[in-house]
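**Student:** Sequence:
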Amino acid sequence: MQSHEVTLTLPLRDSLPTDPAARQQALDNLAVYIEHSDGTKELIQGKLVKLSDSSEGIQFTVNKFSTFTLVVVDGLKASQSSHNPYINGFGADFRPDAFVTRAQMAAMLARNLTDETGTESTNGVSYTDVSATHWAASDIQKAQSAGIMNGMSATQFVPEGPITRAQMATIAYSWMQQQNTDVTSNTSQATDGAVFTDVSADQWASDAIAYVQSAGLMTGYNDGTFKPDSKLTRAEAVKVLNVLFKRTPLTGVSTPSFTDVPATHWAYADIEAAAQ
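Each number in our numbering comes from the position in the sequence shown (counting from 1) with 21 added on.
Wrong hints could be hidden among the right ones.
[Said to hold, decoys possible] Here are the simulated DSS-like cross-link-like pairs (lysine-lysine), alpha carbons at most 25 Å apart as the crow flies:
id: 1; residue 1: K85; residue 2: K267
id: 2; residue 1: K85; residue 2: K68
id: 3; residue 1: K267; residue 2: K252
id: 4; residue 1: K248; residue 2: K85
id: 5; residue 1: K68; residue 2: K248
[Said to hold, decoys possible] Ranges between beta-carbon positions, derived for each pair:
id: 6; residue 1: A222; residue 2: S152; range: 24 to 30 Å
id: 7; residue 1: S221; residue 2: V70; range: 46 to 52 Å
id: 8; residue 1: A153; residue 2: V70; range: 38 to 44 Å
id: 9; residue 1: V216; residue 2: W287; range: 35 to 41 Å
id: 10; residue 1: A42; residue 2: D114; range: 39 to 45 Å
id: 11; residue 1: G245; residue 2: D223; range: 15 to 21 Å
id: 12; residue 1: G182; residue 2: K267; range: 39 to 45 Å
id: 13; residue 1: G112; residue 2: T218; range: 36 to 42 Å
id: 14; residue 1: T88; residue 2: F111; range: 36 to 42 Å
Rather than coming from a laboratory, the hints here were simulated on the basis of the structure. We treat Cβ as the ideally placed atom computed from N, Cα and C, and that holds for glycine.
Let the hints inform the model, and build the full structure from the sequences given.
**Tutor:** Written out as structure tokens, the structure reads:
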């Protein structure tokens, strides 16, 4: 199950209630908990299928060596249907490989902050490159007031600049601290952390990178690097943000929402969850 896609089916056997209402409730909250060989973890719902002996099973797809088990998550269906999209496409396209700008990141964060968070300051943004009429001015203010995202300097936010992997690590670390978000149910348990060859102890984001790596929220590359200065793509962004926002990958979507993100795309289920 390494580096290629494999479809698996877990039989349900006699695990479902016989009462129709109770059975449907169980199915609505049934998920597959997956631990991948690279240390990451995810929770997906899979697809209900009929087996050859007329019994039922949950079918899902993995593309790396993994272990998995069926779990019941109370309120799973309700949590999936109670949120709004936090990222939009460009017409029929999503552009998964396009880079995320700092203004776009601030907007996605602001849309998922609680009403009680990020409202301490009402004086507007104080950056010289973000006018009061900028489309993301209020979002930038909210993300800054919440302590989730800061400018590139005291006077410059650089709204059209790209988000780097180091910046994403810092944002994720700040979100987990400020929002008291527990990501360990969706990612690997804390470890001693990896030492990346391109992240020195005095690198400005080294603490945040170590934290998100130990939580399994972000990982490095096979060559031992983290690539902190690499630009973050839209697909990579939603993979991290969905965990922070507690959104499980949206499986069972037979018709893709975007023409450039087919069901075989590595981030398909995460993109569908973020955009719905």
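**Student:** If a hint holds in the structure, say so; if it does not, say that too.
**Tutor:** Do the hints match the structure? See the list:
1. Among the hinted pairs, K85 with K267 is consistent with the structure: their alpha-carbon atoms are about 23 Å apart, no more than 25 Å.
2. Restraint check for K85 and K68: satisfied, since their Cα atoms lie roughly 19 Å apart, inside the 25 Å limit.
3. Using a Cα cut-off of 25 Å, the hinted pair K267 and K252 holds, with the two alpha carbons roughly 24 Å apart.
4. At most 25 Å may separate the alpha-carbon atoms for a hinted pair to count; K248 and K85 meet this at roughly 22 Å.
5. Note on K68 and K248: the hinted pairing is violated, with a Cα-Cα distance of about 36 Å set against a maximum of 25 Å.
6. Hint check: A222 to S152, Cβ distance near 39 Å, so the stated range 24 to 30 Å is violated.
7. Evaluation of the 46 to 52 Å hint for S221 and V70 yields a pass: the beta carbon distance comes to about 50 Å.
8. A hinted range of 38 to 44 Å for the beta carbons of A153 and V70 is inconsistent with their spacing of about 54 Å.
9. Hint check: V216 to W287, Cβ distance near 26 Å, so the stated range 35 to 41 Å is violated.
10. Restraint check, A42 to D114: a C-beta distance of roughly 41 Å satisfies the suggested window 39 to 45 Å.
11. A hinted range of 15 to 21 Å for the beta carbons of G245 and D223 is consistent with their spacing of about 19 Å.
12. A beta carbon spacing of about 28 Å between G182 and K267 contradicts the range 39 to 45 Å that was offered as a hint.
13. The beta-carbon spacing between G112 and T218, approximately 41 Å, falls within the hinted interval of 36 to 42 Å.
14. At about 38 Å, the beta-carbon gap between T88 and F111 stays in the expected band of 36 to 42 Å.
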